[in-house]
Amino acid sequence: MLSKADNEFLTQSGPGTPMGDLLRRFWMPALLSEELPVRDGPPKKIKILGEDLLAFRSTDGRVGIVEPHCPHRGANLYYGRNEECGIRCAFHGWKFDVDGNCVDLPTSPPESTYKDTIKLLAYPTREWGDMIWVYMGPREKIPELPQLEMGLLPASSRYVTKKWQDCNWVQSVEGALDTAHFSFLHAVLAKDDVAARAALAKAAIADQATPDDRIRWIHNDPRPKFTILGHDAGLLIGAARKTDGADLYWRISQFLMPNHAYTPTAFPGEIYYGQCWVPADDGSCWIYTYCWHPDRPLSNAERAKFDGGFNVHAEVDDDYMPLRNLRNDYLIDRKVQKHTTFTGIEGVSEQDAAIQDSMGPIQDRTREHLGPTDVGVVEFRKLLMGGARSLQAGIEPKAAASANRYAVRAGGAVAAPAKNLETVMAERFGHARGYIGQQYGLGD
Amino acid sequence: MLSKADNEFLTQSGPGTPMGDLLRRFWMPALLSEELPVRDGPPKKIKILGEDLLAFRSTDGRVGIVEPHCPHRGANLYYGRNEECGIRCAFHGWKFDVDGNCVDLPTSPPESTYKDTIKLLAYPTREWGDMIWVYMGPREKIPELPQLEMGLLPASSRYVTKKWQDCNWVQSVEGALDTAHFSFLHAVLAKDDVAARAALAKAAIADQATPDDRIRWIHNDPRPKFTILGHDAGLLIGAARKTDGADLYWRISQFLMPNHAYTPTAFPGEIYYGQCWVPADDGSCWIYTYCWHPDRPLSNAERAKFDGGFNVHAEVDDDYMPLRNLRNDYLIDRKVQKHTTFTGIEGVSEQDAAIQDSMGPIQDRTREHLGPTDVGVVEFRKLLMGGARSLQAGIEPKAAASANRYAVRAGGAVAAPAKNLETVMAERFGHARGYIGQQYGLGD
Amino acid sequence: MLSKADNEFLTQSGPGTPMGDLLRRFWMPALLSEELPVRDGPPKKIKILGEDLLAFRSTDGRVGIVEPHCPHRGANLYYGRNEECGIRCAFHGWKFDVDGNCVDLPTSPPESTYKDTIKLLAYPTREWGDMIWVYMGPREKIPELPQLEMGLLPASSRYVTKKWQDCNWVQSVEGALDTAHFSFLHAVLAKDDVAARAALAKAAIADQATPDDRIRWIHNDPRPKFTILGHDAGLLIGAARKTDGADLYWRISQFLMPNHAYTPTAFPGEIYYGQCWVPADDGSCWIYTYCWHPDRPLSNAERAKFDGGFNVHAEVDDDYMPLRNLRNDYLIDRKVQKHTTFTGIEGVSEQDAAIQDSMGPIQDRTREHLGPTDVGVVEFRKLLMGGARSLQAGIEPKAAASANRYAVRAGGAVAAPAKNLETVMAERFGHARGYIGQQYGLGD
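Protein chains in written order, with the working numbering: chain A, 993 to 1436; chain B, 993 to 1436; chain C, 993 to 1436.
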């Protein structure tokens, strides 16, 4: 339970807010690369951290992310022409490059130096891992890109999608870190009938030969025991459930500062999934979902499956709006809810969205009642709010300076009850916190 | 004419407002019974007096009306499962019965007493007269259900519908109590052509063999003389018009605290109509319309007629939204207005809605000019505002303690000019205020 | 660049604002005459200067523009009956004439004088130049109608249309006065292909036999030299561009207080165009576009062309909403933008709207950077804001008392470089400020 003031502190990310300042110390996905497919193509309006921005891909392939209004008379550069290494305002032809420099100002004579005094706000961008990233913080604090494994692999080994969500980014991250909810929200009631099999298949818990054990263990133990361990880039969140015997079934997530989370499902040889939450404004966010296989390319069949809404990938339209969303009640089917799945909503991603959106645009945390299974949520808030408070006191976030430490994995394991999380991690990933950077030459 | 402060006092009904406190001393219709047709069926979102609530019918047939957000993490129980005498949150399975008790809390061990400390806000409900009623006031002040005649009769003798209206509830009640407007708003211009006959038939003024006299009297006298008499449950409002001879044509309504009104039309042997206004928020309300015949069942043909929009019943869609409404300008037909009916809008209920909505979401009463025909409106405001002021001073409303005194009737009569309203009522209904409770064993 | 306070001062026109007071000293177009085609026809809701009003054409052909709410109980007279020289409220039959007098009050006895005390707010109206004009200022300050040439001519020689625009009226006027933007916003890229020819034809720059010179001159000189000259009714704004030789190509506009502007294109023998901006509220306006030929009737073919969206006439639907508008991104075609026209948006009027709307509902002038080509905008603001400040100090606007001085023309000319704007005007129009009133008997 938070005070009203703390809830606002946690959830507000606009310019000048403490949490907004913290987020602005990190690179944010701004677009999928596919959203700006061609050089000199149409610019695209975007909104990030409450700021309206314009993105365009220049003649040289670089991407500009800029303030959309022309400094001359305020016309929106969205209607401008993206041509010859710059975007030219449709009103009077003022032209700006991806760095915000005014490269042509035709209402002044060619010999005038007026244009050297005109600057368009432009944020640094990078293109990496099939996404366009933006850094919106102070220029002198610009960090390295976080070395997520999906970006270190060849493009053939990863797949990235995005979706809109109608709630504050924080409650959506909290939903991802709270893996206890798998026992209910994503549960399948009658796992032997055809519809239930299809639901399980879509949920991706069943994409291996013998997943029934895991499903049963999750179903039978709604009270996993949590262990949380910090590291330079974030938090390791382990949840241990009972199995049929003495062993424990561990589901282990990673939270990576300030807005990435890895799912806890993958057994060795399976596909890994992660998500990144980027606030549009305080009542909505974009969720970038990436998955990867460290050892092999993803097949076309797998990519088609992700596009159809699989695991935490959602089924979206051409504007990345989920087909099942707040406005159509997620197409909840009450008969399916009665007989087949716990929610009657199709898709793990959509089940998550329904519950997270249902808390309201910003969850009222003054009325919540947290318990032992919410410890991941509690530690996440401490890390985030502590980071924002430290930054206000002048202490820069350690994670921003630890780009290589983002090279981690998360997933599932079955282990003897005496083993603690560090031991389970060491056995599963070769490192107590799941670090795999040495495989990519990022040091030990 | 009211001051701005008095207008707000009169029209605001949210939690903590004086008028909201007064309304919360009475039972309110919350739903038609048909809206929760089956046990363990889908829950339904409702909004009453500015409060977002969730209604569900439990396994035992009882109805719960509760705060929609789960106390655990704030997920909306609307997505929950209505099963085995309670609604279970889809997020982590916390479960609540219709009284708001937490009956299962699976994230804590079975032996934990944590769930005994968790309570979901739940309001008392009753099901009576084909409606589900809710009481949203202090538990120790809970009154008896108002003994409206429609609820005392067998279900075969009544019919209940509901409709949405896009304005504050008070101006809509005022429209019902002001029976002077029948001379204009519901008037038919050319009563001898086919279209006019159809309009009259729909208006229900003509469902008797020889209604032409009443129509003519209403049309010829736009200045009825009003007499208002108080009683324990509300106000008796009589309006006397000239007839062709010396007699007066009385149209007599009942206002029953705090939000019921009976129409003034019924002659002996005719059907009686009443309405109840329930604020959704301050700019909209639900209107429950009930009609009944004290002496016989209503036929299927009559029920079909009500569903098609007859008398004060509106023609609505599956969500109880009127087919002719603010968003489509009530399908006003200016040719019909020129030649056939005074408004060009089809249906008495829709004509009322058009005029009442047209005042704005909340009528600006600082600019009105009331006259002698508005005395019913004036007395209604006095009763309501006086009741709210008294309650603020610690005096409970008498009507809430007078459930049996709601057993009254209202209707029309023709009487010699020397007879006053009390005499007319005594002759028409056997009681000076129209009380008929003795017929149902409710005392004299 | 304006301060935030000055920007609000310039753009706010509601009741009680300084600019609103200034605008209310002038007649405003309220409707096209065609919007109230028949006597006793349906009334029409309108909104002007932030005021919701109701317009109706009476039995005698006069137009009333009144407060829409009946003084009795606040019902909207829009649902009333327009009959026998007045509009009658549908609720209780109170009736008002076009001057706001209560001419029938049936809820009081015929002998009552109560109705003489009841008054409905009604603004004076005139019908002139195919428009219905309204004066919303103090009655004792009512001016003459501005003697625009289009209104002095027979109806056969003019054409008037209107369109909705989704931004504050001031930035839209500023777009019209800033004729430097023709070098970009309305430019055609490849003027020899078929699509480009069609675009040019629609833009009306090419409706003469040999317009190619003008197009080339506009294209080649994006830095016209401005000269601004004041006169009693407004401002003369001349912009001189280089031609192929020594001569200058002058494009000369008129701004007429407080909200008319004439386009700078017409050569002798061509059609003249003007526009008038009427704020609906501070974030939207109606633009009335009128064109005329001083010497001949306009043909049916020309009228059809205007309706199809030609020159500053827009292509609109039955409610005067532009077919290409903010909600559909002006149907921008990025391929056309790449190859054929500078914007990819069809129509000069729509290109203007796109750029003007794109500044936001109210342009943030605290961030603009004006230059030499913006001098017309600067002088316009000085005149308007100066007028509003003077009025606050008790000095009435001179233009309101100078109705005859609105009889001016504007247009294009080619002249020797030594000639100043006054000389060019004298040669082109016979008067240094373009006054042609003597041709209509309005004095010298």
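Hints in this document: simulated from the structure, not taken from any laboratory. Treat the hints loosely; a few may be bogus.
As the list makes no split between identical chains, a pair holds if one copy fits it or if it spans any two.
Unchecked claim - Here are the simulated lysine to aspartate or glutamate pairs, EDC-like style, with alpha carbons at most 16 Å apart:
| # | residue 1 | residue 2 |
| --- | --- | --- |
| 1 | Lys1327 | Glu1075 |
| 2 | Lys1039 | Asp1205 |
| 3 | Lys1107 | Asp1096 |
| 4 | Lys1234 | Asp1205 |
| 5 | Lys996 | Glu1075 |
| 6 | Lys1217 | Asp1091 |
| 7 | Lys1234 | Asp1224 |
| 8 | Lys1037 | Glu1419 |
| 9 | Lys1330 | Glu1075 |
| 10 | Lys1036 | Glu1294 |
Everything numeric in this text was worked out from a predicted model, so none of it was measured.
- Task: May I ask which of the numbered hints given earlier this structure violates, with the numbers listed in increasing order?
- Result: 2, 5, 6, 7, 8, 10
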